[in-house]
Amino acid sequence: MSFLSFCQWLGQTPLSVWLREAAYPFPILIIIHVMSIALFGGVVVIGNLRVLGKTMRNVPVSQVIGQFRTWKWVAFAILLISGTLIAVSDPMEYRDNIMFWISLGVLLVAGLNAAIFRYGIYRSVAAWDEAAVAPASARRWAGVSLFLWIALIFAGRATAFF
Amino acid sequence: MLLAQIILQGLPEAIPVNPIARWTWVFPVVESIHICGFTLLVGTAAILDLRLLGLCFRQLSISQVAKNLSPWINMGILIQLITGAYLFSGDPREYVQIAAFRTKMLLLLLALIFHFTVIRKATAAAQDSASLAWRRPAAVVSLGLWVSVLLAGLWIGNL
Chain A
182 MSFLSFCQWL
192 GQTPLSVWLR
202 EAAYPFPILI
212 IIHVMSIALF
222 GGVVVIGNLR
232 VLGKTMRNVP
242 VSQVIGQFRT
252 WKWVAFAILL
262 ISGTLIAVSD
272 PMEYRDNIMF
282 WISLGVLLVA
292 GLNAAIFRYG
302 IYRSVAAWDE
312 AAVAPASARR
322 WAGVSLFLWI
332 ALIFAGRATA
342 FF
Chain B
24 MLLAQIILQG
34 LPEAIPVNPI
44 ARWTWVFPVV
54 ESIHICGFTL
64 LVGTAAILDL
74 RLLGLCFRQL
84 SISQVAKNLS
94 PWINMGILIQ
104 LITGAYLFSG
114 DPREYVQIAA
124 FRTKMLLLLL
134 ALIFHFTVIR
144 KATAAAQDSA
154 SLAWRRPAAV
164 VSLGLWVSVL
174 LAGLWIGNL
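Line by line, the protein sequences are chains A and B. Residue numbers 182 to 343, in the numbering used here, belong to the letters of the first sequence in order. Residue numbers 24 to 182, in the numbering used here, belong to the letters of the second sequence in order.
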């Protein structure tokens, strides 16, 4: 099955038709999506700012990041599920929407960046946990991370514009 | 609503030279900054409320968490007021007639007043050893206010 016929099939499933045509599901999806952005974004921002030495300097880095680990993953799961359902509501529309694919690309890069931090410099966190400002390599990661999540917000908003 | 009528009389028509009224792409760009701003504001304000409820950063005193977060909460408020006012400037006459917009402004006013009076007092150093009896419900009210401002904002977009 080609991707085009997959999108056509998906767009005709009862779930997709319901999400697209009923009055309430779509606005509720948007509300859930945006609330999870606030939750996820808030947690990510605090972690990044701590690594950059801009807040909570007297709390170990691992404690600031560890504090919200569960919430972060819960928010991220809600973000992904609600985002997927928004895409399912009109696959043919999003298939042709360049900003939708750019959003996915930015999300992928942001995820890779987070994984590189987690399994790279963060493994030595014990050595700089108490430092008010993390080493340059960790700060670089935090700056890139902030930039990518902001870019994702722009790309996500632009998806609705195009 | 009489007040809205009076405000309406004093408002200019949408100004054609205003970039946000002139080019369609300006609105989503400014709105994206507005979304980043509320993530910063609601995210950091919520963490302070959660600390009052004893749900995070328990190793720090409440006033220390407030001292760490306040600059970021204030920056979030500043970004939101500037970008929000600019979004509003695109078509002021239209916005004041939308119920969702008026609701949001009322909730925003309440949230700001509550934050700078009750929450500021609840997170002051002098309160650190005091009872949490009234401060926990205050945190719940604060959380509810910020979330309802956010919801009212989304409501504007859906009309």
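In case anyone wonders, no lab produced these hints; they're calculated from the structure. Given the structure is predicted, the values throughout are model-derived calculations rather than measurements. Certain hints may be false.
As the list claims (entries may be wrong) - Here are some chain B residues pointing at chain A (derived, C-beta under 10 Å):
| no. | residue |
| --- | --- |
| 1 | Val52 |
| 2 | Ser55 |
| 3 | Ile56 |
| 4 | Ile58 |
| 5 | Ala68 |
| 6 | Gln82 |
| 7 | Ser86 |
| 8 | Tyr118 |
| 9 | Phe124 |
| 10 | Ile136 |
| 11 | Phe137 |
| 12 | Phe139 |
| 13 | Leu174 |
| 14 | Gly180 |
Stated by the list, open to error - Pulled a few chain A residues facing chain B out of the computed Cβ check, cut under 10 Å:
| no. | residue |
| --- | --- |
| 15 | Leu191 |
| 16 | Gln193 |
| 17 | Pro208 |
| 18 | Gly223 |
| 19 | Val325 |
| 20 | Leu329 |
| 21 | Ile331 |
| 22 | Arg338 |
| 23 | Ala339 |
Cβ coordinates follow ideal geometry from the N, Cα and C atoms, glycine included.
Checklist line | Violations among the numbered hints | finding: 7, 8, 9, 10, 11, 12, 15, 16, 19, 20
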